[in-house]
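2 protein chains.
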Amino acid sequence: MSTEVIMNLKEQVKEALTVIEKRTVKNVFFVSCGGSFALMYMSKYVVDREAKIIDAHIYSSNEFLHRNHSKLGNDSIVILCSHSGKTPETVEAAKLAQAKGALTISLTNIIESPLAETAEIALKYEFGKEAGFTSSHSILYQITFAILKAVENNDKFEAIIKSLEQLQSVYDKALKYSEPKAKLFAELHKDEKVIYSMASGSNYGAAYSFAICSLMEQQWIHSNAIHAGEYFHGPFEILDESVPFVILLGLDETRPLEERALAFTKQYGRKITVLDAKEYDLAGINEEVKGYITPLVLNHVVRYYAEKLSIERNHPLHTRRYMGIVKY
Amino acid sequence: MSTEVIMNLKEQVKEALTVIEKRTVKNVFFVSCGGSFALMYMSKYVVDREAKIIDAHIYSSNEFLHRNHSKLGNDSIVILCSHSGKTPETVEAAKLAQAKGALTISLTNIIESPLAETAEIALKYEFGKEAGFTSSHSILYQITFAILKAVENNDKFEAIIKSLEQLQSVYDKALKYSEPKAKLFAELHKDEKVIYSMASGSNYGAAYSFAICSLMEQQWIHSNAIHAGEYFHGPFEILDESVPFVILLGLDETRPLEERALAFTKQYGRKITVLDAKEYDLAGINEEVKGYITPLVLNHVVRYYAEKLSIERNHPLHTRRYMGIVKY
Numbered sequence: 001m002s003t004e005v006i007m008n009l010k011e012q013v014k015e016a017l018t019v020i021e022k023r024t025v026k027n028v029f030f031v032s033c034g035g036s037f038a039l040m041y042m043s044k045y046v047v048d049r050e051a052k053i054i055d056a057h058i059y060s061s062n063e064f065l066h067r068n069h070s071k072l073g074n075d076s077i078v079i080l081c082s083h084s085g086k087t088p089e090t091v092e093a094a095k096l097a098q099a100k101g102a103l104t105i106s107l108t109n110i111i112e113s114p115l116a117e118t119a120e121i122a123l124k125y126e127f128g129k130e131a132g133f134t135s136s137h138s139i140l141y142q143i144t145f146a147i148l149k150a151v152e153n154n155d156k157f158e159a160i161i162k163s164l165e166q167l168q169s170v171y172d173k174a175l176k177y178s179e180p181k182a183k184l185f186a187e188l189h190k191d192e193k194v195i196y197s198m199a200s201g202s203n204y205g206a207a208y209s210f211a212i213c214s215l216m217e218q219q220w221i222h223s224n225a226i227h228a229g230e231y232f233h234g235p236f237e238i239l240d241e242s243v244p245f246v247i248l249l250g251l252d253e254t255r256p257l258e259e260r261a262l263a264f265t266k267q268y269g270r271k272i273t274v275l276d277a278k279e280y281d282l283a284g285i286n287e288e289v290k291g292y293i294t295p296l297v298l299n300h301v302v303r304y305y306a307e308k309l310s311i312e313r314n315h316p317l318h319t320r321r322y323m324g325i326v327k328y
Numbered sequence: 001m002s003t004e005v006i007m008n009l010k011e012q013v014k015e016a017l018t019v020i021e022k023r024t025v026k027n028v029f030f031v032s033c034g035g036s037f038a039l040m041y042m043s044k045y046v047v048d049r050e051a052k053i054i055d056a057h058i059y060s061s062n063e064f065l066h067r068n069h070s071k072l073g074n075d076s077i078v079i080l081c082s083h084s085g086k087t088p089e090t091v092e093a094a095k096l097a098q099a100k101g102a103l104t105i106s107l108t109n110i111i112e113s114p115l116a117e118t119a120e121i122a123l124k125y126e127f128g129k130e131a132g133f134t135s136s137h138s139i140l141y142q143i144t145f146a147i148l149k150a151v152e153n154n155d156k157f158e159a160i161i162k163s164l165e166q167l168q169s170v171y172d173k174a175l176k177y178s179e180p181k182a183k184l185f186a187e188l189h190k191d192e193k194v195i196y197s198m199a200s201g202s203n204y205g206a207a208y209s210f211a212i213c214s215l216m217e218q219q220w221i222h223s224n225a226i227h228a229g230e231y232f233h234g235p236f237e238i239l240d241e242s243v244p245f246v247i248l249l250g251l252d253e254t255r256p257l258e259e260r261a262l263a264f265t266k267q268y269g270r271k272i273t274v275l276d277a278k279e280y281d282l283a284g285i286n287e288e289v290k291g292y293i294t295p296l297v298l299n300h301v302v303r304y305y306a307e308k309l310s311i312e313r314n315h316p317l318h319t320r321r322y323m324g325i326v327k328y
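Sequence lines, in order, name chains A and B.
Going by the UniProt record's numbering, the letters in the first sequence line up with residues 1 to 328, in that order.
Going by the UniProt record's numbering, the letters in the second sequence line up with residues 1 to 328, in that order.
Derived by calculation from the structure, the hints in this document are not laboratory data.
Here the structure is a predicted model, which means the values were calculated and not measured.
A couple of the hints might just be wrong.
Chain copies aren't distinguished; within one or between two, either way the pair holds.
[What the hints assert, rightly or not] Capping the alpha-carbon separation at 27 Å, the derived lysine-lysine pairs in DSS-like fashion look like this:
1) K190 - K44
2) K181 - K156
3) K162 - K44
4) K10 - K162
5) K52 - K308
6) K10 - K52
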């Protein structure tokens, strides 16, 4: 990504910060659909752990619209993401938020879009393999930590920015390391009808997006993102040697849940794919925020696995039968 | 259920109310695992909509333990449910909550259990087809609305109690109505390897428990509780005429999401089972809280569908290969 784009983004986040600083903020709502919704789990995790004042809520856009949360108001910030900026229920959600007096912040790839034009603060993210610091995930973190800094004087903003600046290099190294593993995964799973994913804490969103976007939407493979803690209270009974699991291991405080789920699955399963953030070279990522950064890396890598799978299955990632094709 | 058990429960809730009234309450955490976790979604929905002050959070017990939410403290109430009262991570969650100064309220079927003995307020629920007013779902609502009454002077407590008193009769009529439908579902789905469930709002928990408990745990059938709003942002691409869906339609404010999901599924799918609360006789349920009561009814009915399925498949609901059998 060019230095200009990066500097421009930093300027935008700085401006957003000055807007936020002028407001009373009691809660943040993370509101989106599908893949954009999935990316917000990690920010909910951050606010849950870091904030002394702010409460964090996360809802799929249409649920947010109809649930009509009683604490949405003047003291709220609503962060909304949509790649095209056209997702109808996310645009409606932004309008509801504004009608209730909340500050709206949009993340889109297209700045001339209904969502970006509706939101008070409109941030543009870049897309693709080189997006790194300017990707949706990175920008969401920049704005989340900016809010925590502005409202609560949280001291991790600088560490996050510095770490996110290294993201592209971390991504590149992680993909290079993962290439043979991703290829093996693709070969072994090309004929599977069901593949489960599993994670916890800040990484749950990466597992969710892998299940509902990469597998169900893009590969038409049955899936479910199982929460690693919930696994032992129902879902694990589905496990036998024929059932494939993709298990994410992050570096946040919930890692013991993921480790426990993996240990059990290894004992009774056979088709197990592990993406362990411990194996990736995270040089340049601040120790203090490593747990928060790993979901971005895991998400990037697991998407690469999906790409390899799509090639092996000869089912391109963009193949759709309904989305953007039929009316709904 | 005997009048004595019912009067005793009302007395317990009244006592809990006097304890709660003495505290400052800023948030409520709903913390449990599996089926007990699933039932809490409806209370989260209620607090989201009704509360002016209280924030509601919902976490699977081990996630709650490790996430270490920064707003858990003196001003918190933590509600924990475990059938046996022995779920280790739920007992640990109660201990953490108490160490942080929160008021803990347990719901168990066994009152001489580690969880009930740990919690400050221990409510005992009854179990089985006659439990109605004294069931876990009913008691959770009684305590949720008691908190809203005590802290916020919310006026729906009486309407909820009166409605819950009619629950058993509503359940009985709904099951009678559903018998031929449940049998047909069982016959048509006995050989299915994957069955999806779907709902939104307060009903999502019933869909979740059907997916992870009834299907995955008790029938070893692949499943995923798809959120009816998220459906259109990924999962719906899995749909074709061979993929079975069980769709719940409640009467809460998110019903349009469930209706939209159903309409789409009808257009491109063929194996569709609908449980529509509109078809049930809800006599005695207060109009004002009808939307809140329907998830209990839908949950009761969808469990009945699972029972019929288990008979048709000759796979008893209590069959397990890991839970309570092997170490984990």
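Hint-by-hint comparison with the structure:
1. K190 - K44: neither (34 Å within a copy, 40 Å between copies)
2. K181 - K156: So K181 and K156 fail the 27 Å test inside a copy (34 Å) and across (56 Å) alike.
3. K162 - K44: Classified as within: same-chain Cα gap 21 Å, cross-chain 37 Å, threshold 27 Å.
4. K10 - K162: within (12 Å within a copy, 57 Å between copies)
5. K52 - K308: Close neither inside one copy (42 Å) nor across copies (49 Å); limit 27 Å.
6. K10 - K52: Answer is within: at 26 Å inside a copy they meet the 27 Å cutoff, but 36 Å across does not.
Hint compliance for this structure: hints 1, 2, 5 are broken, all remaining hints hold.
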